[in-house]
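*Asks:* Here is what each chain is made of, one letter per residue.
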Amino acid sequence: MATMSTVGRGFAAAVAVAIAGFLVVPMLIVSAPVEPVMGVVQKIFYFHVPCAIMMFLSTFVAAAGSLSYLFKGAERGDRLAHAAGELGVLFGACVLVSGPLWGRKAWGVWWQWDARLTSSLLLFLILNGYLLARRYGGPAGKKLAAALALFAAVDVPLVYKSVDIWRTVHPQTTVVPSLDPAMRPAFWASFALITLVWGILLTLRLRLEDARATVEELQLMTDDLAEDHP
Amino acid sequence: MRYRFARVVPVLAALAMLLGSTAAFAQEYVKVDNVPREQLPAPQFVGAAYGFIWVAILVYVIVVARRLAKTRGDIDELRRRVDSATGTKR
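Top to bottom, those sequences are chains L and W.
Counted from 1, the first sequence has number 36 at position 36 by our numbering; the numbering is strictly sequential.
Counted from 1, the second sequence has number 1005 at position 5 by our numbering; the numbering is strictly sequential.
What the hints contain is simulated information worked out from the structure, not anything from laboratory work.
Bear in mind that the values here come from a model prediction, so they are computed numbers and not experimental data.
Please note that a few of the clues may not be correct.
Unchecked claim - Examples of chain L residues toward chain W, derived with CB under 10 angstroms:
1. I29
2. H48
3. L87
4. S98
5. G99
6. G108
7. A211
8. T214
9. V215
10. Q219
Claimed, not checked - If you want a taste of the chain W side facing chain L, the calculated C-beta under 7 angstroms gives, among others:
11. L1040
12. P1043
13. V1046
14. F1052
15. I1053
16. A1056
17. L1068
18. D1074
19. L1078
20. R1081
21. V1082
What the hints assert, rightly or not - Here chain W is said to cover these stretches of chain L; the calculated rule only asks that three of the stretch's residues, wherever they fall, bring their Cβ under 8 angstroms from a Cβ of chain W:
22. 33-43
23. 197-209
Yeah, the Cβ is synthetic: ideal placement off N, Cα and C, and Gly gets one too.
Could you put together the complete structure from these sequences and hints?
*Replies:* Okay, here's the thing in structure tokens:
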């Protein structure tokens, strides 16, 4: 009971910090210097990159949960994978909307079929396939989806390194390490905020999965009781 | 009547040629000076990107919270049924 109370307090504190972050981070972004080539539109970077990292992180967590489900039969791992897979789709959508908005202004086009953009879209589609397989895959849907999560995890390094391997219009992986010192506070504050939001969403979504598992158990109990005492 | 028609036809033919050549010109790249460069308003793009991200997260939180509330309601209902069934058994 005390543990539940501590967890509840920790969750409430995280939500409070996230709300404070929503007020502070936009101010840091506005006060960050304007990039000389792209101008103001470069400020999309401060949210676009953390969202992309959260998409990658969600995919890795979904793959780890799926591995434990496939090889150890861990239902909790499957529930974690489901929660993370959904977050992967959410943050993937954020990346695939904010990116073209940035590209339209910076490159003059909404979309380019280059390696980074195409592999990111592929990752987003695999994660959607994961959720669809779970929902409509029938009795084998969970295992099929778990296999898809592993494929999605294999795509992540490809997405990340694509800008170094192939010639693309997308900025390279050296952008964040070589960021101007005046831009770093805005980027890392935004990164911390998005990571915190990701953690809150994962906790919330995992609670839903746990509650659904409880419903299934109770449903089985009531069915058994109804059979024993018709 | 035939005389009028004979006068109109060359005029129409000349007009068609002129329009045709204009259309042909439109297919080519022609250098034009002093045309203002297309300017897209950057703050609107930044605002749209941020707006989408935060609205998507907010909508997701609302959807998950509603699903969680419904599932917890189902748990309470099922627990009541189990309790009443085991109470009958006793």
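*Asks:* Would you mind marking each hint as holding or not holding in the structure?
*Replies:* Hint by hint, here is what the structure shows:
1. I29: Since chain W brings a Cβ to about 9 angstroms from I29 of chain L, closer than 10 angstroms, the hint holds.
2. H48: holds (7 angstroms)
3. L87: Result: holds, 8 angstroms to nearest chain W Cβ.
4. S98: holds (4 angstroms)
5. G99: OK, holds: G99 of chain L within 10 angstroms of chain W, min 9 angstroms.
6. G108: Holds. Min distance 8 angstroms.
7. A211: holds (4 angstroms)
8. T214: holds (5 angstroms)
9. V215: holds (5 angstroms)
10. Q219: With Cβ-Cβ at 6 angstroms, under 10 angstroms, it holds.
11. L1040: With a closest approach of 5 angstroms, the L1040 of chain W hint holds.
12. P1043: Cβ of P1043 of chain W sits 6 angstroms from chain L, so the hint holds.
13. V1046: holds (5 angstroms)
14. F1052: holds (5 angstroms)
15. I1053: Constraint on I1053 of chain W satisfied, holds at 5 angstroms.
16. A1056: Because about 6 angstroms separates A1056 of chain W from the closest Cβ in chain L, which is inside the 7 angstroms limit, the hint holds.
17. L1068: holds (5 angstroms)
18. D1074: holds (5 angstroms)
19. L1078: holds (4 angstroms)
20. R1081: Holds, about 5 angstroms.
21. V1082: holds (5 angstroms)
22. 33-43: Holds: 4 residues of the segment 33-43 of chain L have a Cβ under 8 angstroms from chain W.
23. 197-209: Holds, because 6 residues of the segment 197-209 of chain L bring their Cβ atoms closer than 8 angstroms to Cβ atoms of chain W.
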